[in-house]
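Got chain A sorted already, so can you dock chain B onto it with the hints?
These protein sequence lines map, in sequence, to chains A and B. For what it's worth, my numbering labels the leading residue of the first sequence as 1309, then goes sequentially. For what it's worth, my numbering labels the leading residue of the second sequence as 51, then goes sequentially.
Be careful, since some hints might not be right.
[Unchecked claim] Only some residues are given here: those of chain A computed to face chain B with a beta carbon under 10 Å:
id	residue
1	I1405
2	I1409
3	G1671
4	N1674
5	F1679
6	L1681
7	I1686
8	D1690
9	A1691
10	F1699
11	D1702
[Claimed, not checked] Not the full set, but computed from the structure, chain B residues with beta-carbon under 7 Å of chain A:
id	residue
12	K103
13	V146
14	I149
15	S158
16	R160
[Claimed, not checked] For each label pair, taking beta carbons as the anchor points, the in silico distance ranges come out as:
id	chain 1	residue 1	chain 2	residue 2	range
17	B	A188	A	S1366	55 to 63 Å
18	B	D169	A	N1469	55 to 63 Å
19	B	Q150	A	A1659	41 to 49 Å
20	A	I1717	B	R160	18 to 26 Å
21	B	Q150	A	N1469	58 to 66 Å
22	A	D1676	B	D295	27 to 35 Å
23	B	P144	A	P1335	45 to 53 Å
24	B	S292	A	H1666	27 to 35 Å
In short, the hints are calculated from the structure, not lab data. Glycine included, each C-beta is placed from N, C-alpha and C at the ideal position.
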Amino acid sequence: MELTTTQSNVFLNEWLQQIPTKVQHIPDEVLVDALKYIEEKGIPDLKNEAYRGVPIESILKRYFKKIEIASKSEVANTKVVFKNFIVVGDAYNALSIEKGIRVFTSADNIPQEYLNWIGHFKLHQKDFFAALNTGYCDKLIIIHITETLDQPLHLIHFISNQGNFNQQRVLVIVDEQVKATVLESYHFTCQQSYFYNTLSEIIQKEHSQLHWINVQNNPTNTIYSINNVSFSLEKSAILKHHQISLKGSLWRNNIEVHIQQPDVNTEMKGLSIGKNQSIISQYTSILHHSGHSHSHQLYKNIADDKSTVLFNGFILVDKNAQKTDAYQNSKNILLNDNATLFARPQLEIYADDVKCSHGSTTGSLNEDALFYLKARGIEEKDAQRLLLQAFFNDVIEEIDNANIREFVIQQIEL
Amino acid sequence: MTPLLSIKNLHVTVDGNEILKGIDLKINKGEIHAIMGPNGSGKSTLSYVLAGKDGYEVTEGEIIFNGKNLLELSPEDRAREGLFLAFQYPVEIPGVNNIQFLRTALNSIRQYKGLEPIDASEFLKLVKEKQKLLDLPANLINRSLNDGFSGGEKKKNEIFQLSILNPLLAILDETDSGLDIDALKVVANGVNHYHNKENAVLVITHYQRLLDYIVPDFVHILYKGKIIKSGDKSLALELEKSGYDAYKVETTN
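Next up, chain A with everything else stripped away, as it sits in the complex (with noise of 0.2 Å):
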């Protein structure tokens, strides 16, 4: 035991040597926690319960010994969806936006009071990843919304045919009444395997309003993402949260909900579809510190092939978060023997007069339906197709914003 041990620790520091540090921003303190947690911890092994199912030490050693971080490419065969757009990953910061939102990068004076925010819910000692990203990460981005949107801001993962590692960090701050709507997709141009670990920390504040449609698309199946998301919500906030997670090698989303004062509102919609032999690992957190709050989850899973699809959603209840509706509904669908699904649901409450409950159903199509479709004409996989859309139907006609409604099932192949 000893023995693998000393080589993991071998094999991490030789790792972060390859790793230049490159951020100025993060404030000491938080830095100083991450690389101790970084050092105490080291890489997540097959030991640890969060990511089960997730091999990511072999993961790592397999297809990262080597780390190479790219010079800064030019964004290229970027399809621009939106108006507004902040594009971040390897490429230089292109951006156009509208009134209403400041854009802060590693490169501008940062006021303090932004970088206050930063490690504020201290996922760096809750996570490796969010810990490395911390320690180690090329770029911070801070966008500051102060006024309503008009139109949807787009933020654009782009990632060029170079290198095979690179850590973003983004720090949103919506302001009290503001209502916003923010698409995250991920542009990968890539042709090897390429390892993307991201942090993205948003504050939401009073009476603020926001959609997060996050689509993560890679049809090279080369990416393997790491993202950790904390949002932090205000009094009387609204939260509306959309998981997409298709194509790609690995996407482990940990995506943590804050739920700080109350009448906050959140309603968390999560799709995966596992196809070749992709992981997808969705590890929520709700967490109700506060009460007269309602948060509603529904996550449907598909996995085929030989893929692997995880969901852990975590509620917590504080004891003073009394009058909490928490709801969470998980519900899988296995389409072939080779593939893998796993659902857990985790409840920790510690106040009494609460609202709390979880389901979650696991099975493949149903055969009746599907000879139903058939003995009309209709082709197995078109059937299927039909049977798979009605599944996942109730997640996407959340998205209000019919052109993201569009794009995300322009995305989704079947």
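Okay, now just chain B, sitting in the frame of chain A:
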């Protein structure tokens, strides 16, 4: 004339039990046949074997439909060749829109025949016409497929699909079960409207009642997996009077 459907010495087992024990049946274009039989005689098995459902093993015999070996075709290709089964228990499929489903089905059949997809306005016209015929409210047919439909609405929806897809052979598997007399008349009217000398109908039923409205040219009595007697429509009336027991004796002799 080559029959539209020709079943020869059909033996079928389900889970190792022989359900059909040598069925012979010929149906020509323009004809209406009725198969009557008590519970467990193999009526539904016959309809599922014809439609191609999994789990029904043909151990002997053959089925030729419109010149093709039916047993070699997938369920979807059987439908595209012109075979239609009106289900005894139509499946509820929440999230699949009734009309969208029907259009997909129709176009899939058209594509198989080398035809262009149906024009949107032409399709709407067809839907409206058949919807009226089947007395189906517009909001119903625009809902999810059979989702929350009453028993009668489901059966009407089957005949609505039949009239739009316009197949060569319509198999009605206990379409009359669970229908009140008004719905029964509407359903029968839909079937009669569909039927002409270029197609055929196979009515599978437990009771004679439906045959007052869909008048068969031939009636067959199915008992313990075999057709034990065939006749004209008077056989159905006779059967109604005497019950199945009278015919069971004939087989044992």
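Cross-check of the supplied hints:
1. Hint status for A/I1405 relative to chain B: violated, with the closest Cβ pair at about 38 Å, above 10 Å.
2. A hinted interface residue such as A/I1409 counts as satisfied when its beta carbon comes closer than 10 Å to some beta carbon of chain B; here the least separation is about 37 Å, so the hint is violated.
3. The beta carbon of A/G1671 is not positioned within 10 Å of any beta carbon in chain B (closest approach about 15 Å), and the interface hint is therefore violated.
4. Against a cut-off of 10 Å between C-beta atoms, the interface hint on A/N1674 holds, since the closest Cβ of chain B lies about 8 Å away.
5. Taken as an interface hint, A/F1679 checks out: its beta carbon lies about 6 Å from the nearest beta carbon of chain B, inside 10 Å.
6. The interface hint given for A/L1681 holds, since its Cβ lies 7 Å from the closest Cβ of chain B, which is under the 10 Å cut-off.
7. Annotation: interface hint on A/I1686 holds; nearest CB of chain B at approximately 5 Å, less than 10 Å.
8. Interface hint at A/D1690: satisfied, since its Cβ lies 7 Å from the closest Cβ of chain B, which is below the 10 Å cut-off.
9. At about 8 Å, the closest approach between the beta carbon of A/A1691 and any beta carbon in chain B falls short of 10 Å, and the interface hint on this residue holds.
10. A least Cβ separation of about 7 Å between A/F1699 and chain B falls short of the 10 Å threshold, and the interface hint therefore holds.
11. For A/D1702, the interface hint holds, since its Cβ comes within 10 Å of a Cβ in chain B; the closest pair sits about 8 Å apart.
12. At a threshold of 7 Å, the smallest CB-CB gap from B/K103 to chain A is about 6 Å, leaving the interface hint in force.
13. Checking B/V146 against chain A: minimum C-beta separation of about 5 Å stays under 7 Å; hint holds.
14. The restraint placing B/I149 at the interface with chain A is violated, with a minimum CB-CB distance near 13 Å, outside the 7 Å limit.
15. Nearest Cβ of chain A to the Cβ of B/S158: about 5 Å, under the 7 Å cut. The hint holds.
16. Interface restraint check: B/R160 against chain A, minimum CB-CB distance 9 Å, threshold 7 Å, status violated.
17. The hint said 55 to 63 Å for the Cβ distance between B/A188 and A/S1366, and at roughly 58 Å that hint holds.
18. A hinted range of 55 to 63 Å is violated for the C-beta pair B/D169 and A/N1469, which are about 45 Å apart.
19. Distance hint check for B/Q150 and A/A1659: the Cβ-Cβ separation is about 45 Å, which falls inside the suggested range of 41 to 49 Å.
20. The beta-carbon spacing between A/I1717 and B/R160, approximately 25 Å, falls within the hinted interval of 18 to 26 Å.
21. Separated by about 40 Å at the C-beta atoms, B/Q150 and A/N1469 break the suggested range of 58 to 66 Å.
22. In this structure the hint that A/D1676 and B/D295 lie 27 to 35 Å apart at CB holds, the actual value being about 34 Å.
23. A C-beta distance of roughly 51 Å is found between B/P144 and A/P1335, which places it inside the suggested range of 45 to 53 Å.
24. Taking 27 to 35 Å as the suggested C-beta distance range, the pair B/S292 and A/H1666 does not conform, at roughly 60 Å.
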